[in-house]
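Heads up: the sequence lines are chains A and B, in that order. Under our numbering, the first residue of the first sequence is numbered 4, with each subsequent residue one higher. Under our numbering, the first residue of the second sequence is numbered 49, with each subsequent residue one higher.
Since the hints were derived computationally from the structure, they do not count as laboratory data. Check before you lean on any hint, since a few could be wrong.
Said to hold, decoys possible - Pair ranges (Cβ atoms, derived): (1) B/Leu-195 <-> A/Gln-362: 40 to 46 angstroms; (2) A/Pro-127 <-> B/Ala-330: 35 to 41 angstroms; (3) B/Ala-231 <-> A/Ala-60: 49 to 55 angstroms; (4) A/Arg-29 <-> B/Ala-231: 57 to 63 angstroms; (5) B/Pro-369 <-> A/Gln-362: 23 to 29 angstroms; (6) B/Met-174 <-> A/Ser-119: 26 to 32 angstroms; (7) A/Glu-265 <-> B/Ala-330: 30 to 36 angstroms; (8) A/Gly-110 <-> B/Arg-364: 46 to 52 angstroms; (9) B/Val-109 <-> A/Ala-138: 50 to 56 angstroms.
Owing to the predicted nature of the structure, the values given are computational and were not obtained by experimental measurement. Built from N, CA and C at the ideal position, the CB exists for glycine as well.
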Amino acid sequence: MATQIFQSIASRPAPVQTGGLLGWLRANLFADARTTLSTLLVGGVLLWYLPQFLNWALVSAYWQPNAEACRADGVGACWGVVAEKYRLIIFGRYPFEEQWRPLVATGVLLALLVASCTRAFWRPWLALLWVGVLALFFWLMLGGGGLTPVETDRWGGLPLTLLLSTLSIAMAFPLALLVALGRRSNLPAIRTICTLYVELIRGVPLISVLFMASFMFPLFMPQGVKIDVLLRVLVGITLFAAAYMAEVIRGGLQAIPKGQVEAAASLGLSYWQTQRKIVLPQALAMVVPGIMNNFIAIFKDTSLVTIVSLYELTGSLGLALNSDADWRPFKIEGYLFIALIYFAFCFAMSRYSLWVERQVNQSKQR
Amino acid sequence: MSTSASPPKTKSWSWRSQAFRGLVYQVLALGLLALGLWYLGHNTLLNMRERGIQSGYDFLVQTAGFDIGESLMNFDSNESYLKAFWVGLSNTLRVAILGIALTTILGTLVGVGRFSRNALVRGLCMAYVEFFRNIPILLQLLMWYLLFTELLPDAQDAWQVGAVFLSKGGLSFPVPIWADGHAWAAIGLVAGLLLAWLYRRWAVAQFESTGRVRSMFWLPLGLLLAMGVLGWLLGGAPTATRVPFKGEFAIEEGGSLTPEFMAVLLGLVLYTASFVAEVVRAGIQSVPLGQSEAAAALGLNRQQEMRLVMLPQALRVIIPPMTNQYLNLTKNSSLAVAIGYPDVVSIANTAINQTGRAVECISIVMLIYLTTSLLTSGFMNWYNARAAIKER
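In isolation and in its complexed conformation, chain A is listed as follows (with noise of 0.2 angstroms):
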């Protein structure tokens, strides 16, 4: 009888890694044959380009405001066109000696935008203090009381993108809460009007909206009576904004139940209380990324004012270069420019909208 003798058997071999470096690279880039073959494609290209891109940009560009080294061979990117011309992009046509003025009225809106965006400030004062902001901000861009005036056509560039696109914010947001409310209401004259007005609006350009502020308006007013271009501007874009704002708001009232202003009513709520306390808190929730996309997008749209003779940010780039023969070929440096300023409002408003959401919903979450 064969004694069987206790052999181990072999050991397995230790399982794939799947964490560390070495394992994401693997999960996620060498999976299979596909996708080894489509990194190596998109690598391939990314590593021919980047470089490529990273030397005109960075390595071999020009910082100095120099047009004549600019022009030499190899050189890249000439950021000196930004160097040069960086007050004319930023601030326009504003008189030079009193730059400092719109410098310090950007300064304070900005300080008073990241402000609104802290929870420490959602307080009843912080009303106040938009007053308070705003008025300075108009006396130091308008000048009186010890300031040299300053016409709004000198109004130019970053302060401007600022005013149009903060005031017409704060415009249109409660504009459209009361166009939303009125296109739900039982009233069937009022739900006529608004629905009317969001569909008009909403179905021509911004631009023709534009054009009508700036060609048609003066038409409209009395005669004697004249009208502000940047006032007619920011009637214009609000207008506009507040029909697509309106239409986000609207989605949120859908989504609220019936039950809630049933339940309400029984509490014997007003109208303004129910929507007030009930409907409008849960629905505002809601929509948070919508609203926060029509801000940005509200954002952007102001740089078609320039469409209209306001030398606002893209505006002002043109009134920049447009005109000087020595700066005009490094003009795509100067877009830029100004496209790395637009991206980085944009980027940080939609960044700020995440957090939003994830506050409103603190609620919800488990």
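Position chain B relative to chain A; hints supplied.
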């Protein structure tokens, strides 16, 4: 339907009656609106009389007196404003229709790419979306226009691939010379379309009654192409083309796309595709994972799962916001005025400067866009109703 509970229907002329108050509010709102409109209209008429501005649409039949850089039909400066607007409209529609088609393709690819198992592809798609949607469309259009008109070589040393030239003057490519054979080919294509449609109906009916899956895409496509080629052969197979060549100052002959057109199209497509990608992503994400697992449990392969289970459900979420993006693209094409592409807004702008009829020209533009918007959303609503859940 509404966010407030319906009022008790008591008929009384007292302020305590909700119905009565509602009536008062409505009369007030209508009255204010009418008053406002009358006031604006009254001022406008007064102002026009004061400044001697003529009004009316009679200018439409007058001679336009300006040339249009590019148009699908023949236009010269002796023709009327009406014709000029018509040319502008055709240019707008050309950009919008091509743009919508390209945007759908690119946007869907990028949106699906964000679910790729490959981190590089995923990252690239995300970078694309974040980059293009956070920069104003006007700025992007200006940048593309600058690239096309300044950084491309002159016509003398245009980039050349085969008979296709790319230079500051635009893109030139060979086009077939129109012959009767092409009409035959077109007839063949129409017949092929009809055949393909009939075949698909039959295949769907077969699938629903027997469960046998037949080729739903390649066979109909083959039918369509085969009929087209057949028609072309029957028509005598014309092969004559106008091939572009380098002239002394410009690329001559052949078909061409102007830099303005290319800049508008490329800018609009890249910008809108970043939004469409997000729409598609949200749509796919909205289908619960269980659906895909259930499809796998039933033995469907990846393609069938996509076509029969995932897409029909995702489409319900995708279509309404997609409609908005199509409308946005059409409306954004009005920005072409900034780079000199003769779309309808740009024509209207010129007409305003020449005739001073701001009210009339802007109203024409608005009417055109309103009609286009309503037509597009009408079509998409019809399509949406088809894709929506069939409920009782």
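Against the structure, the hints:
For the hinted restraint 40 to 46 angstroms between B/Leu-195 and A/Gln-362, the CB-CB distance of approximately 42 angstroms keeps it satisfied. Range check, A/Pro-127 to B/Ala-330: about 37 angstroms between beta-carbon atoms, so the 35 to 41 angstroms window is met. Checked against the hint of 49 to 55 angstroms, the pair B/Ala-231 and A/Ala-60 passes, with Cβ atoms roughly 53 angstroms apart. In this structure the supplied range 57 to 63 angstroms holds for A/Arg-29 paired with B/Ala-231, their Cβ-Cβ distance being about 58 angstroms.
Look at B/Pro-369 against A/Gln-362: about 25 angstroms separates their beta carbons, and that is inside 23 to 29 angstroms. About 29 angstroms separates the C-beta atoms of B/Met-174 and A/Ser-119, a value consistent with the hinted range of 26 to 32 angstroms. Roughly 32 angstroms separates the CB atoms of A/Glu-265 and B/Ala-330, a value that falls within the hinted 30 to 36 angstroms. For A/Gly-110 paired with B/Arg-364, a C-beta distance near 48 angstroms keeps the hint of 46 to 52 angstroms intact.
A hinted range of 50 to 56 angstroms holds for the C-beta pair B/Val-109 and A/Ala-138, which are about 53 angstroms apart.
Comparing the model with each earlier hint shows no violations; every hint is respected.
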